[in-house]
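A.B. asks: Sequence:
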Amino acid sequence: MSNTPKDQAAPDTPKLNPGDQAEPGTPGAGENICPECKGSGRIGAAACPMCGGTGKIIEGIGGA
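Numbered according to the working numbering, the sequence shown spans residues 1051 to 1114.
One should not assume that every hint holds.
Said to hold, decoys possible - Keeping only pairs whose Cα atoms sit at most 30 Å apart, straight-line, the calculated DSSO-like set for lysine-lysine is:
#: 1; residue 1: K1106; residue 2: K1065
#: 2; residue 1: K1088; residue 2: K1106
#: 3; residue 1: K1088; residue 2: K1065
No lab work stands behind these hints: they were computed from the structure.
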């Protein structure tokens, strides 16, 4: 059993931003420009909350 609190991610787990649909490297997913900040990573003077200031999100790229 782990001593890591439930609200704290393991160190090797990538941090997901609210706009991400999957973890980086997930098959069938890829980077796209954040629709909120249009890829700038900023909204006004603050970091974009959707992409965490990166300007990119991870989303599904395929369809059935």
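A.B. asks: For each hint, tell me whether it holds in the structure or not.
C.D. replies: Taking the hints in turn, this is what the structure says about them:
no., hint, result
1, K1106 - K1065, "holds, 13 Å"
2, K1088 - K1106, "holds, 9 Å"
3, K1088 - K1065, "holds, 21 Å"
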